[in-house]
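Chain residues, written in single-letter form:
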Amino acid sequence: MKYTEITNKNQVAEKDLISLKKEYIAIVSHKLLSPLTIIKWNLELIKGGNKDCTEFKDNFDAIDMNIKKLETYSDVLMKVAEAQDLLVDEDKIELSKDKFVVDFNNILQTVKKKYKEDIDTKSLKFDINCQLKKYVVNYKKDYILEIIDSIIKNAVDYSNERTKINVECFKFDEKKKSEFELDKNSEFVGVEIENIGLEIKRDEIGLIGESFFRGDFAKKSGLKGYGLSLYLAKILIENINGKLFFKSENGITKFVAVFFVKNVYN
Amino acid sequence: MSEKKAHKILVVDDNQFYLQIIESELKKLGCEVFTAQDGEKALSIADKELPDLILIDLILPKVDGFEVIEKLSKNKDLNDSKIIVFSQLSQQEDIDKVKKLGADAYMIKKDFSVKELVDKIESMIK
Numbered sequence: 002m003k004y005t006e007i008t009n010k011n012q013v014a015e016k017d018l019i020s021l022k023k024e025y026i027a028i029v030s031h032k033l034l035s036p037l038t039i040i041k042w043n044l045e046l047i048k049g050g051n052k053d054c055t056e057f058k059d060n061f062d063a064i065d066m067n068i069k070k071l072e073t074y075s076d077v078l079m080k081v082a083e084a085q086d087l088l089v090d091e092d093k094i095e096l097s098k099d100k101f102v103v104d105f106n107n108i109l110q111t112v113k114k115k116y117k118e119d120i121d122t123k124s125l126k127f128d129i130n131c132q133l134k135k136y137v138v139n140y141k142k143d144y145i146l147e148i149i150d151s152i153i154k155n156a157v158d159y160s161n162e163r164t165k166i167n168v169e170c171f172k173f174d175e176k177k178k179s180e181f182e183l184d185k186n187s188e189f190v191g192v193e194i195e196n197i198g199l200e201i202k203r204d205e206i207g208l209i210g211e212s213f214f215r216g217d218f219a220k221k222s223g224l225k226g227y228g229l230s231l232y233l234a235k236i237l238i239e240n241i242n243g244k245l246f247f248k249s250e251n252g253i254t255k256f257v258a259v260f261f262v263k264n265v266y267n
Numbered sequence: 109m110s111e112k113k114a115h116k117i118l119v120v121d122d123n124q125f126y127l128q129i130i131e132s133e134l135k136k137l138g139c140e141v142f143t144a145q146d147g148e149k150a151l152s153i154a155d156k157e158l159p160d161l162i163l164i165d166l167i168l169p170k171v172d173g174f175e176v177i178e179k180l181s182k183n184k185d186l187n188d189s190k191i192i193v194f195s196q197l198s199q200q201e202d203i204d205k206v207k208k209l210g211a212d213a214y215m216i217k218k219d220f221s222v223k224e225l226v227d228k229i230e231s232m233i234k
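Chains as they are written, first to last, in my numbering: chain S, 2 to 267; chain U, 109 to 234.
Hints were generated in silico from the structure; no laboratory data involved.
Just to be clear, a hint being listed does not mean it is correct.
[As the list claims (entries may be wrong)] Using 25 Å as the maximum straight-line C-alpha spacing, the simulated DSS-like pairs for lysine-lysine come out as follows:
1) S:70 - S:126
2) S:70 - U:218
3) S:48 - S:70
4) U:179 - U:190
5) U:135 - S:48
6) U:182 - S:123
7) S:165 - U:170
8) S:58 - U:116
9) U:182 - U:116
10) S:32 - U:218
11) S:70 - U:170
12) U:149 - S:41
13) S:41 - U:228
14) S:48 - U:228
15) S:123 - U:170
16) U:113 - U:190
17) U:136 - S:58
18) U:135 - U:149
19) U:149 - S:32
20) U:205 - S:58
21) U:135 - S:58
22) U:207 - S:32
23) S:41 - U:135
24) S:178 - S:263
25) U:223 - S:32
26) U:170 - U:116
27) S:48 - U:218
28) U:170 - S:32
29) S:41 - U:156
30) U:136 - S:69
31) U:136 - U:156
32) U:182 - S:32
33) U:170 - U:136
34) U:184 - U:208
35) U:136 - S:48
36) S:41 - U:136
37) U:223 - S:48
[Stated by the list, open to error] Rough simulated footprint, nothing fancy, chain S against chain U, three-plus residues with beta-carbon under 8 Å:
38) 117-127
39) 209-222
Owing to the predicted nature of the structure, the values given are computational and were not obtained by experimental measurement.
Don't be surprised by glycine CBs; every beta carbon is placed ideally from N, CA and C.
Model the full assembly from the supplied sequences, consistent with the hints where possible.
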């Protein structure tokens, strides 16, 4: 199965977007309201109780966990809103004449560490294969970090328990450049993220990377994610002239983020 | 309530925090409480236990709340069971839809305290 590019695409018909957007808003509201209601309820039980505070450990734990949930949702929504601003105002694009040194392996290890708790909770095996040297780019490495973070978050969220996530970092050779239809005269680094879990169906291909994707699915499945992470990755990578590809077959989904690089840093 | 037959209540929600609180509060009333975290399990428990009241969320894994309510309403053995929808969805079209499907009441989670919810359930099973 060939890779499909999801950057620089406008494949969703307007009528589909309207209904998806409506559903998406309902889902996001639902996800924000649930932790708030649970916090409110637990406070009500604590206030109404006559016991010593130490006997309300479960209530305090519930409050603590739901505050963390709220922080995560708010953080992702905020990042999406900021990234959408980039699309509106092209002057904000951070391509510059300055050069920045990027260590892809270090970025991957940082992201893995960030999601350690989720990875352990789902008993996932998480392998990184990155033998690359440091590269020079003309955009801040924070962009690369955020893009990789978003795709890995998506992979962790949608992976089946006790499966494996493989992350591989590679330099595009001539053959690979041809496969992904990249400029033969430029240098590119790819980060491939493979996970086993929810398969993306053919008729959903056009919707991948839209912020409303998976609204309906989330309703039925109860899964978290809604594609917000992918949407964020898509916007950011478009803004640094990169590309994002995916393919999904037999439960195995692969995303390849393509970053334009200048040269090897010595 | 101990001398009477305990009321059977089925609580359906994919969020364990809601389930824990509601189950604990209803048990204090002397109710027999069953819980389910997905629509499929809810249908199976309802079929077997024939609860007096079903408190159900709409966003559920496997089979969503709309479909569960539709199936429960068609089950003649559950004709006397009350169905309360308990959801964060507040759009009028969702409310109208579940009432058409057979729900007896619709409660928006954020608008109710634990006490108000328990009071509502008590009033409906009396």
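- Message: With the threshold set at 25 Å, check whether the alpha-carbon distance from residue 136 (chain U) to residue 58 (chain S) stays at or below it.
- Response: With a Cα-Cα distance of about 19 Å, the restraint between residue 136 (chain U) and residue 58 (chain S) holds, given a limit of 25 Å.
- Item | Pair hint residue 32 (chain S) and residue 218 (chain U), alpha-carbon separation not exceeding 25 Å | Roughly 12 Å separates the two Cα atoms, so the pair holds.
- Message: Please verify whether residue 113 (chain U) and residue 190 (chain U) have alpha carbons no more than 25 Å apart.
- Response: Status holds; Cα separation ~17 Å.
- Given the hint that residue 136 (chain U) pairs with residue 156 (chain U), does the C-alpha gap stay at or below 25 Å? Cα-Cα ~24 Å, so holds.
- Pairwise hint evaluation, residue 156 (chain U) against residue 41 (chain S), where the allowed Cα distance is 25 Å at most: Distance ~34 Å between residue 41 (chain S) and residue 156 (chain U) Cα, so the pair is violated.
- Message: Check the hint pairing residue 182 (chain U) with residue 123 (chain S) against an upper bound of 25 Å on the C-alpha distance.
- Response: violated (38 Å)
- Item | Hinted pair residue 223 (chain U) and residue 32 (chain S), Cα distance within 25 Å | holds (23 Å)
- Item | Holds or violated: residue 170 (chain U) to residue 116 (chain U), with C-alpha atoms at most 25 Å apart | holds (24 Å)
- Does residue 70 (chain S) pair with residue 126 (chain S) here, judged by a C-alpha cut-off of 25 Å? holds (24 Å)
- Holds or violated: residue 170 (chain U) with residue 136 (chain U), Cα cutoff 25 Å? Not OK: residue 170 (chain U) and residue 136 (chain U) at ~31 Å, beyond 25 Å, violated.
- Query: Does residue 136 (chain U) lie within 25 Å of residue 41 (chain S) when you go C-alpha to C-alpha?
  - Reply: holds (20 Å)
- Given the hint that residue 178 (chain S) pairs with residue 263 (chain S), does the C-alpha gap stay at or below 25 Å? Answer holds: residue 178 (chain S) to residue 263 (chain S) is near 16 Å, not above 25 Å.
The earlier numbered hints that this structure contradicts are 6, 8, 12, 20, 29, 30, 32, 33.
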